[in-house]
Amino acid sequence: MKTFFRKIAKLQEDLEKELELIPENTGDLISSGETALLKIDEAIRSVKKLVKGTTFESIADEVYFFKDVKPFFISRYIFYSNQIRIESLKPSGSEKVLKKYYTGELHRLKRYYAENSELYNYYRRNATYLDHKYFTRKSFDLKMNLPTSLYDFDEDFTTSHDHKVSVLLGYEILEAYLLEAINGISNPPIADKKFKISWTSSKVSLIELMYALHLTQCLNGGNIDFSEMVRWAEKAFDIDLGNFYKTVGEIKSRKYNTTKFLQLLTENLNKAFIEE
Numbered sequence: 038m039k040t041f042f043r044k045i046a047k048l049q050e051d052l053e054k055e056l057e058l059i060p061e062n063t064g065d066l067i068s069s070g071e072t073a074l075l076k077i078d079e080a081i082r083s084v085k086k087l088v089k090g091t092t093f094e095s096i097a098d099e100v101y102f103f104k105d106v107k108p109f110f111i112s113r114y115i116f117y118s119n120q121i122r123i124e125s126l127k128p129s130g131s132e133k134v135l136k137k138y139y140t141g142e143l144h145r146l147k148r149y150y151a152e153n154s155e156l157y158n159y160y161r162r163n164a165t166y167l168d169h170k171y172f173t174r175k176s177f178d179l180k181m182n183l184p185t186s187l188y189d190f191d192e193d194f195t196t197s198h199d200h201k202v203s204v205l206l207g208y209e210i211l212e213a214y215l216l217e218a219i220n221g222i223s224n225p226p227i228a229d230k231k232f233k234i235s236w237t238s239s240k241v242s243l244i245e246l247m248y249a250l251h252l253t254q255c256l257n258g259g260n261i262d263f264s265e266m267v268r269w270a271e272k273a274f275d276i277d278l279g280n281f282y283k284t285v286g287e288i289k290s291r292k293y294n295t296t297k298f299l300q301l302l303t304e305n306l307n308k309a310f311i312e313e
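FYI, in this note's numbering the residues of the sequence shown are 38 to 313.
In case anyone wonders, no lab produced these hints; they're calculated from the structure. Where hints are given, some of them may not hold.
[As the list claims (entries may be wrong)] BS3-like mimics (lysine-lysine), calculated; alpha carbons at most 30 angstroms apart, straight line: (1) Lys44 x Lys289; (2) Lys86 x Lys54; (3) Lys133 x Lys170; (4) Lys89 x Lys39.
Between the sequences and the hints, there should be enough to build the whole structure, so can you do that?
Right, here's the structure in full:
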């Protein structure tokens, strides 16, 4: 089992890096989304192959995989699939038309949250009393609210509720994307060329740092929106951070090294102090 989960963790880490490297060209989100889907599909196929050749040693291991591990991969596929759909159907029109379009998509997500509020609350509260029914294979209860497409799934790679968890996680990232799209319509990124200092680490790292500063209320005593802080950073470092709400959602959903950039800062600072 340790070898199995180590291989899965490596696939997840590699996928995160590959997705991060895909350029977020806001003028060609469909193309970048399709590239992301190809990479995610390859990773999911590898995960599925590993599962086929593995026997879980305990219910706890099986629950952990279907409740926490598999949804990471599927949720990303769901996000990019929906992003492509939304962008390909986006109407041409005024700011008002675009805002109405994106807002309509947000309402659709809210309805899904409401329809699945029981599972959503269960998952977010880290409850476990139904895990043996929700996240183990071939053990569903017909008295539960089951998806109508249950019998279309691969029973060796699917439980009754792991796909719904994946949808919820994917929709959380999508919600952040839609909020940023609405915000960006009236407030496009500002780039001021007079600033000479450039940010040379990844965009994800800068967003992680800015979000930490935001939560700690380090700027203006906390009386500033996170979006304003991001716009300030974009101007200061002459960089376009793209859909930063989506990035924050992806950082939150990491199962390993959630704050890896902040950890790197701490390690380097401690090392410098020790060497001095």
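Structure-based check of all given hints:
no., hint, verdict
1, Lys44 x Lys289, "holds, 22 angstroms"
2, Lys86 x Lys54, "holds, 21 angstroms"
3, Lys133 x Lys170, "violated, 46 angstroms"
4, Lys89 x Lys39, "holds, 16 angstroms"
Of the hints listed earlier, the one the structure fails to meet is number 3.
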